[in-house]
Amino acid sequence: MSDTIVVLPDQATARLPKTNYLNKENGLLSWLLTGDHKRIAILYLISITFFFFIGGALASLIRLELLTPQSDLMATDTYNKVFSMHGIIMIFFFLVPSVPATIGNFFIPMMLGAKDLALPKINLLSWYLYMAAGTLAIYSMIVGGVDTGWTFTTPLSTHYVNTHVITTGLAVFIAGFSSIFTGLNFIVTIHKMRAPGMTWFRMPLFVWSHYAASILMVLGTPVLAIALVLIVLERTIGIGVFDPTKGGDPLLFQHLFWFYSHPAVYIMILPGMGVISEVISTFSRKRVFGYTAVAFSSVAIAVFGFFVWAHHMFIMGISNYAVLVFSLLTMLVAVPSAIKIFNWAFTLYKGSVTFETPMLYAFGFMGLFTIGGLTGVFLGTAGTDIHLTETYFIVAHFHFVMVGGMLMAFLSGIHFYWPKMTGRMYPEKISQLAAVVTFIGFNFTFFPQFILGTLGMPRRYASYPPEFQVLNVFSTAGASILGVGYLLPVLYLTWSLKYGAIAGNNPWQATGLEWQTQSPPLTENFTEIPIVDHEAYDYEWLERQKEKEVASA
Amino acid sequence: MSHISPVLWQFLVKWMTDFSLFPPEASKIAPQMDALYFFMVLVSLIGLTLVILLVVAFSLLYNKRRHPVAVQIEGSTLLEATWTIIPLGLFLVMFVWGALIYFRVYTPPNNAMNVYVVGKQWMWKAEHPGGQHEINALHVPINEPVQITLISEDVFHSFSIPAFRVKREAIPGRYTSVWFEATKVGKYHLFCTQYCGTDHSHMIGWVYAMTPDDYQKWLNSSTSGSSLAQNGERLFASLSCSACHNSRPDARGPNLVGVYGSKLTLTDGSSITVDDAYLRQAILNPSQHVTQGYAPIMPTYQGQISEEGVIDLVQYIKNLDTDYRLKQTTTTTTLLPESQGKATSAAKGMVKQ
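Heads up: the sequence lines are chains B and X, in that order.
Under this note's numbering, the first residue of the first sequence is numbered 1, with each subsequent residue one higher.
Under this note's numbering, the first residue of the second sequence is numbered 554, with each subsequent residue one higher.
This is chain X alone, in the form it adopts within the complex (with noise of 0.2 angstroms):
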């Protein structure tokens, strides 16, 4: 026994100095959780102890030696409808609360700060706006709304942060997406929580929740060169989108200046709202959803650009609010040599071999 009690010792120590209930609360949504899920424990207490002294009482009032004898109920109309309303009115308590919840945790605030996250056996890839990437960590300012836009490039994947209170899936081949707000500066778990093959349990990192000014520090320290939407003007040029979309009068392609967060009607008569998933949609699958008033020319880039590819377009477009800008990609990159082959070989980083 000598040898085992060091090792018992250790392990209850241990056991006391660790043990807690929940994670720690450090997002703005995950006190809003715990209270509904508190309520939720209180409540399955009381009901199972109720159930426990129903049976219990019933055992020792009513078993076979003090009452030898049952006496025959039908049942009760009264008690059958008590316990078929109660429940179902605290069940339904529980569904509008776990509802307003639910829409906050996936309706980002308009003015939230987007960070892509591409989930891949087995890493999570994070791109920032400025072209900071980093691998199984994620670093965010606290007090901050900050969206993350999830895609998967093989399986599903499930991004996680019990610490944020939030998880949303990675899904091949469609963005999803969710936000938070973390409160308190720290360092908290990453999970991918949806089954992904081999190592699937390595896919883990970790979030640093930071100061805004901690955060700006590392966003300098950990600067790529050129931001995303850099990134995606050299690729719009590489791939000759400007052949097209060029914004001349007799462009044979939409018209992509200011187009993010505009009304489109398609070929179809139907209207839709021009998003991060609609524009990878128009560039993975154009003749998907044709712009009225064009001709269903555009070709497939499935398969040529990778999903990082993909988010650079997207938040070149998405930023490209004037004109000039358009001119500036089509121009610059067409009349100089130079950086039409620096643009060539940084885009080559992005095309899938």
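Next comes chain B alone, as it looks inside the complex (with noise of 0.2 angstroms):
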């Protein structure tokens, strides 16, 4: 047997179902007031793909302006605001979202065999606010932008900068209340609507992440909340709670912005983790090395994330003893992720391994997140600290988290899941390359950085000493090649909406709930309540619902 995907069993005979969520109803109207997580999280990733593509483009812009030393390209006002806003757009209206609104969305309620979420209109609330939050984000940079760095560092962003700090600043605030609300749908569902025998260690591991990802959105956001609110005091009627003339303190913002910031990361990227865990353990078939371990690895980091914000703050003059204790818990915090990676790993072992382009896509997630995590204790660790914080390695370490990891991590999730949301395959090879070229662009684009910041390189720099332009070439000469493989998944992927083979109900021959119905799914997911009587990944069980069906056939 080969191992491409096309002769499995039920795709030779499959029809695209004549009743699905796509079809039932028509008409803008219907998309525009539904309450269907489906649709929402479709609606979501249609946003979210054209949000992602102006940060793009944003970025390459800076690359082309860090190809030479001075800054020709732009004038350093311009190059600021375009930082600032490629920041901006990237983190709350491209990451964040990413994975939990559009796959979350889609199949956490498929995964615990509901119907919707537990509640539909906060659901399309939450996309509503979302859109509202990015046309403002879109209208303030039109109007002239912001460029205070996505930071928003105070005395910077109260009292120095004309630009539209107020308009970008209640984008996010908008922009935070969406994702908010999704948290508090997903852990409401997962508490309140899992079917008859899914218990909470039944749940896939996609699941448990997001349950995770969902308690820092609803404990964690309001505080960004909170700091936002008060740069637009401060800046409007100056209220003085930052402003050391007043008797403010300017490191309380930091404390405040940080204390979102940081465990925002994780928010970023334990739903990725999930995916993480579904595409390996179904392209091993094989349950997950040690499920409990790597579902309880996730709320710990969700719990000591937490606890570590002043990391970012070591060399800002807070008290030395403080940066013992947040260094330790930085420390601890890394552990949950090593656990993961090498979960993961001894998942392979003893499987029977297929290299289909979810599976290439989360291996290129294993080994950019391992350097991502590894360059992430060189930062915790506080005497390294002191030379590499706000340089380019900070750059470069947080771009292999969130792009190498994250980015990673949401294309093998929208590949694997592809399938099922619209009843049509990819086209296998091209896809295939696609990962394979994102791989290499990527590295060719941050890994240099690593250098530069070891070097001293600063970040936020529109202009540059001429030493450091040679690792800068091959950075921006690296994002050509990772914007091709970006552009690809856009293309192939429309193309395969009309043209792609008819899927069939479980082309990677899956385990979950959510593959046991047809794709595209109904409205309602599911014909009957399913009733769980197995583990989460349980390879054997499916063979036998096989055998079972071609007895009945």
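Do not rely on the hints blindly, as some may be mistaken.
Stated by the list, open to error - Think about it this way: if two alpha-carbon atoms lie no more than 25 angstroms apart in a straight line, the pair counts; the simulated DMTMM-like pairs of lysine to aspartate or glutamate are:
| # | chain 1 | residue 1 | chain 2 | residue 2 |
| --- | --- | --- | --- | --- |
| 1 | B | LYS246 | X | ASP829 |
| 2 | X | LYS673 | X | ASP874 |
| 3 | B | LYS115 | B | ASP538 |
| 4 | X | LYS617 | B | ASP77 |
| 5 | B | LYS350 | B | GLU540 |
| 6 | X | LYS581 | X | GLU734 |
| 7 | B | LYS246 | X | GLU861 |
| 8 | X | LYS617 | B | GLU540 |
| 9 | X | LYS740 | B | GLU467 |
| 10 | X | LYS673 | X | ASP707 |
| 11 | B | LYS546 | B | ASP533 |
| 12 | X | LYS678 | B | ASP77 |
Bear in mind the hints are in silico, worked out from the structure with no lab data behind them.
Two chains, two frames, some hints: make the complex.
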């Protein structure tokens, strides 16, 4: 048997189901007023892809400017706006909602055996809030942009810049509520909507990681909202919470901001880890090695993630003893990530491994996330942080985690779930190529930045000393390869909507409940509520199910 | 292609000749920090290789063609414990090692000479104790500990010398400090690494590490005529600080002679050691920490003295070790009209308009 998907049993005879969530109702209004979690997921998918390409265009401008040491492509002010908007759009309008609001929204109810999320109208509301926030962000960019960096550092943002801080701050504030509602919805659904027999330890690890991320969204985001409101008040009526001349403390803003923004890193990465668990298990035909360890490591990340924020402030003159505590806690939060990586690697052990596109992206994730995680330890170690922080080492580190990690996981998930979402397969060969191109382009772009950072090149510089040019040229060259890697999926996935092979119910022979129903699913997800009598990733159960079907047919 | 090749060639030559993986090690702490850095690089490489080896080996051994039916395995407590405890152990080693270096970088030795550095959009202003000023440059002697006391006039900046492996945030409204001991003569980059607005990338300069002799020559050739303490003395007189802080028994303000480094008891009963930060607070925001036995009558000087002016005053009070010196300040400035005129004109530059 070859390792391509074409000969899998139910595909040869598969037909697109007559009724499904996509064609049940027609017309724009049926989409804009839908309560169906699957349709809302599709709305989100289209919107975040749009924002990803805006953020990507800004990234290409950054890399083009850095091709030469002088600031010659644009004025420094323009450059500052470009990198600020790149950060704001990529973080708040792409990475935070990426996996949860699309794949999570679509599949958490299906994985739990539920008809929808617990609060469908809140789910739609969260998309509208996201769109309102996104529109406001684009508006602020068109009328002149903002140049505070995505971190809105005071007193720069409150007293010194003349750009659209309030509009952009408001956009992020609103986007925050969209994220809180999504998290809330997931928590309620996971607690209350599980099918009979779906105990906590029978849930797929995807659900566990979303549960952990949701807790972070619900508890962390309000603090960001508070910080942003204080910025707006300080800027408009000068209340002086952060202004030292009025007795305020500028470090307080750093505390408030990072109290959200560090957990936000885990909001971004945890759902991606969930995707990786599903993909690696499916293409190894094996239960995830150490299921409980992986599940609890997600929860551990969520808990520890709240107590490490001050490692962003090691050089800011907080007390040396505070640095000790936060450095130690940072070391502890690194351990669960290591546990996950080794468990995924050992899932392959004695499996029956195939290399479809989602698996290739997942391998890419493992390599890049390992580098991203280990370089995080360089920054969590107080001594080396002094030299490496605020340089390109930081930039490389978080791009390895966010882009190398999360974006790879997102693409892995999109390819993995594409057949279920659309009923059609993506073209395998070209998408495998795209995965490889992305991996190569990514390393070319961001690896040189580790060296630049070690050499001391500061981040957020529009111009830089000429000795840093060679590595910057490498980075820009890599970015153009990376750009191709990201454009390819948009093209062939769109193509596959009409011309892709019919997928059938379960093209990957995966075990999750979401795969035991038609593709694309019915609006109600299941014809009858499933009763769960097996563990997650039980491939033997799947075999027995198939035998039963053959016998009854 | 012919017109591209020379550029490409030049590029490659440049790369081959300039290529380095880390900046020069020009301070005492640099080799220590690099040792930890390379230890972490080594651990990371081993960890990464291990992960890649596992994935590649398992992919080859257990791919579908060779291994068509998967064997279901629940997990292994022993393995889980292994890859929890070994990384944790390594991370803890890094934590302890890193903490030791961190404390070294931010605990200046007592004999360090002090240079004040004020950050503002978009320049670094260095003030040597002898009154030498420089902008976007810093001259320091080698083999001598140098403490940098930092403050910002406006937004957050960050003072970074990669070759010395030191960096410290310059924060508006409070002093922070860092120290280093340069070991190699040379010219090194000085960067602002905290994003500070439009010309953030132009807020860069050079650090010149010189032999003590050359440094002495430089000090002598670039003197501005009066030391920071002398500037502070004039300011002290022109702001009439001596009206209350005059060390007489009936003085309304505490005696400032020898106050630096001493332990004060405040009105709320707490005690505090007088350092640069305390003196700065006491000048700009006097009602916050009032010395026991005195009434909170001192007016605030917030917004009236520039950061450089405050530094001069602090430097003056720091060096005020005899009552005689204070008397001199009070008497010379009140008795001699021409010297008073000189003092105010000199002090005017220090006072915010």
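Now for the hints, and whether the structure bears them out:
Restraint check for LYS246/B and ASP829/X: satisfied, since their Cα atoms lie roughly 20 angstroms apart, inside the 25 angstroms limit. With a C-alpha separation of about 32 angstroms, the suggested pair LYS673/X and ASP874/X falls outside the 25 angstroms cut-off, and the hint is violated. Using a Cα cut-off of 25 angstroms, the hinted pair LYS115/B and ASP538/B holds, with the two alpha carbons roughly 23 angstroms apart. Of the supplied pair hints, the one linking LYS617/X and ASP77/B is violated, its CA atoms being roughly 55 angstroms apart against a limit of 25 angstroms.
A distance of roughly 15 angstroms separates the Cα atoms of LYS350/B and GLU540/B; the hinted pair therefore holds under the 25 angstroms criterion. For the proposed pair LYS581/X and GLU734/X, the alpha carbon gap of about 6 angstroms is at most 25 angstroms, so the pair holds. Annotation: proposed proximity of LYS246/B to GLU861/X holds, straight-line Cα distance about 20 angstroms (limit 25 angstroms). A C-alpha spacing of about 17 angstroms is found between LYS617/X and GLU540/B, which places the hinted pair at or below 25 angstroms, so the restraint holds.
Proposed proximity of LYS740/X and GLU467/B is supported: the alpha carbons are some 14 angstroms apart, at most 25 angstroms. Distance restraint check for LYS673/X and ASP707/X: the Cα-Cα separation of roughly 6 angstroms lies within the 25 angstroms cut-off, and the hinted pair is therefore satisfied. For the hint pairing LYS546/B with ASP533/B, the CA-to-CA distance comes to about 16 angstroms; that is within 25 angstroms, so the pair holds. The hinted pair formed by LYS678/X and ASP77/B meets the criterion: a straight-line CA distance of about 23 angstroms does not exceed 25 angstroms.
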